[in-house]
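Protein sequences, first through last, are from chains A and B.
Per our numbering: the first sequence = residues -9 to 281.
Per our numbering: the second sequence = residues 33 to 620.
No lab work stands behind these hints: they were computed from the structure.
Note that beta-carbon positions come from the ideal geometry of N, C-alpha and C, so glycine has one too.
There may be inaccurate statements among the hints.
Claimed, not checked - Have a look at the derived ranges for each label pair, beta carbon to beta carbon:
#1 B:R68 - A:R264: 15 to 25 Å
#2 B:R68 - A:E140: 18 to 28 Å
#3 A:E237 - B:R68: 54 to 64 Å
#4 B:L59 - A:E221: 43 to 53 Å
#5 B:D80 - A:E263: 57 to 67 Å
#6 A:L1 - B:D80: 20 to 30 Å
To be verified - A short, non-exhaustive set of chain A residues, derived as facing chain B with CB atoms under 8 Å:
#7 D172
#8 A202
#9 R204
#10 Y235
#11 W239
#12 H242
#13 A243
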Amino acid sequence: MARLRFEDDFLKKLEYLHVISKRAFAGQNRADRLARKRGRGLEFADHRQYAPGDDFRHIDWKAYQRLNRLLLRLFDEEQDLPIYLFIDASRSMSEPAKFDQARRIAAALCYIGLAHLDRVTILTFGGTLGDETMPGRGKGRIFRVFEQLERLEPGGTTNLRETFKQFASRSRQQGLAVVISDFLDPQGFESGLKILASMGHDVFVVHIASQADRMPGSLGEVRFVDTETGELRDVEVTPALARAYGEMWETHAAELELFCGRYNLGYVRADAERSFEQIILHTFRKGRFLA
Amino acid sequence: MSFGAMAAWQAVLLIAGAAAAAAWIFLIKIKPPRVRVPSLLFWRRVLDQKRDETWWERIRRAVSLAATILIAVVLAMAVTRPGPRAATSSRGRMLIVLDSSWSMLAATNRGDTRWDRAVREARALAASAGGDDVALATTVDGIVEGPTSDLALIETALDRLAPSGGAPAPWPRVGGADVVHFLTDGAHARPLDPSVVVHSVYEAAPNVAITAFDARPVPAGGAAAAEAYLEIANYSERPQQARVTITRGTAVAFDQPVALAAGELVRQVAPLAATGGPRLMARISAPADALAIDNEAVAWIQGAEPLTVVVVSEKPSAVAQLLKRDPAVRVLEIPPASYQSGKEDVVVFDRWVPPAAPPRPALVIAPTPSPWIGRVSGDEKNPRWTESSVHPVLAGVDPLTLDIKRAYAYDGSGQTAVAKSERGTPLVSIVDQPDRRAVVLGFSVADSNLAFAPAFPVIVGNALEWLARPTFDTAGQSGPVMLPASVTRVVAQDGDVVPLLRAGNRIAVSLRKPGLYRVEAGGARGVVAVNVGDPEVSNLGRTTLTAGARSVVPAGLGSGQPWWIYGVIAAFVLVAAEWWTWQRRITV
């Protein structure tokens, strides 16, 4: 199991990044992210008519002098952002390169969230929703996250629909939902992601893929073993068959990206062979997920 | 087609079996390697999807199976050693006779030699035997292999054989041989049975050769101590500028260019100085020269090296006094008490002999009784020398000048009397045995007038020459040589010991390679020179073959190679192609 420690330089770079949400969500605690509700922030937002019971301290006396009306000054509330990190821990992710990539991305996003006092929740899933961890607030908690991710073991079969149905069964504050998975769900990824989006979350999809997923090459006569189900299948992988498989996978990836675009979900493809730093510092920023 | 390694039915069985085994191995289900994939989701979709197979995809399994069977068949055929069945082949035995005279080493225009062509033709003939027995023979050695149906033995023998010159052996015969093939260049005329199929490897070629070379000491009084006789010939249709060099030991004794007209034979006598070693070598070089082996010749100058003689006597010996006057002899006179066998050429025992026979040749004069000389079995006063054999020791000895007062007879073994008295008392005896070589005088110098007779230096000189420098009656050409039974060892110039074959009271040896051979007999050492020098061998522009002989046509690329080599090559090419295409999943 690869260690998930990051170098200090890289962590400093991460601290300059913010997780971008397309929408503003209500938070629970004060933080440095603009929330939907008006409150006790420092940044002036608007005026409104004074109503009995309002705090006298917020009456704009200069406006009263000019307009002879009691107007109340309103300020933007800066609160934390709920971030839900879904990590696919099904057996299809058991290829070390893929799983390490997924955990590193999760750890990096978690660190960014913690550094900006966001409320990060890490959720693992296989066939069903697995462990749910809330490390707390502040970047000092990241080491607990590292330890938890290092302990993570792949298991179960991918079932996005069941996973997100379970997630929806509990009342949760709306926020940013990041799904890190290979999306190799025999039932299809669409219904699960639709459930997640319909809950009002800002959904961001991180598609993990490895070379073995994309183009296994001409293997000749082999007996494939499905990592998730254990199913065996004798296949003679000719160049033509390998090409057909590669085309099929690309179609699947394109369909996933198209689906995300249609439902206004963020999409980033993170191939396991690509540099993790490059994915975080460039691809995610390019995909307008980090800024 | 014939199969050299086995009968046709065996070959067919082997090939069919190999093909069946290859097909079975190809078709049996081998458990494929397991490959873990994250999900079979897309593989299932791809496999379930109806996909139009290409023409090649449909037949490639069949192509792979065909290639596998073909590889097995080709390898099996290589094992059977297939070959073309010659028109002359029959159901009986085949005898292949190779002419192994030196002329077969002549180079041809294609760069190979007549021998190479003959060997190639012999291989082809053997391969065409179709499993029948084949025997291999040469003109010098007779049958060298077979009769056998195992072509590997014949090919191994062909690899081993080389021209060896020498006198031809009796024509080889093999019982039941239906066809006899004779591969020759026709250098030597041979009476052949009409049924013998003659294959000619003859091709006219220019040659310059030493056809005779010898050396001899010049009798006293001449300007030189020795002279070399050299005969060189130009067997080509054009004049040639040759260069002749004679070396004596390491020094060049003669070196000059010689202009040779077409077909000219030049005889040259070169004087040699008194000093220098006994070993002579002549070399000739010329621009157009197809045969190298006759460009060198060797000779040995008898008497060029001084003899070392030890005289063992209690009293001053007349023999020692005589020998001290000869510059060609180094004499050491010692008393019997100081005698130890050394490296002397001859030891002279005057009125005394050691108890054991000396390892070196010995001249024994009026010996005392000893185990190896024997006891005195009788004596005779005033014997008359009346009976002499023809022997080198007695050459030029006039017995009438000798007046012997008393002679003794000895009963030792191995002594042969070459001079006897009227009453049969041995006066001069010789011992010529492998472990002993001696001349025994049955009378002393003191008991005769030998010291003052003209025969004295003659008989002593003859005895020393015979003892120290044995000569052997050889023709000087390579081949079998008969030597005396006393010969114990024959060593070639390169140190190889030549095997001795005892034939009655003679020793037969085969001196094949040209050069000098050291012959050891009874502690003495002689030298025999063997040269190629023979106009029949060196004249490469002539042949005794008639027009009826089949000419061995120099074949094109690769011919002469047995077919199985091509079979193995084809199998390797197919395996490589199959491997390459399999690696790229073109074939299965």
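Hint check results:
1. B:R68 - A:R264: 15 to 25 Å: 22 Å, holds
2. B:R68 - A:E140: 18 to 28 Å: 23 Å, holds
3. A:E237 - B:R68: 54 to 64 Å: 22 Å, violated
4. B:L59 - A:E221: 43 to 53 Å: 27 Å, violated
5. B:D80 - A:E263: 57 to 67 Å: 29 Å, violated
6. A:L1 - B:D80: 20 to 30 Å: 48 Å, violated
7. D172: 6 Å, holds
8. A202: 7 Å, holds
9. R204: A:R204 check fails; min Cβ-Cβ to chain B is 10 Å, beyond 8 Å.
10. Y235: 5 Å, holds
11. W239: Status holds, d = 5 Å.
12. H242: Interface hint status for A:H242: holds (7 Å vs cutoff 8 Å).
13. A243: The hint is violated - A:A243 has no Cβ within 8 Å of chain B, the shortest such distance being about 11 Å.
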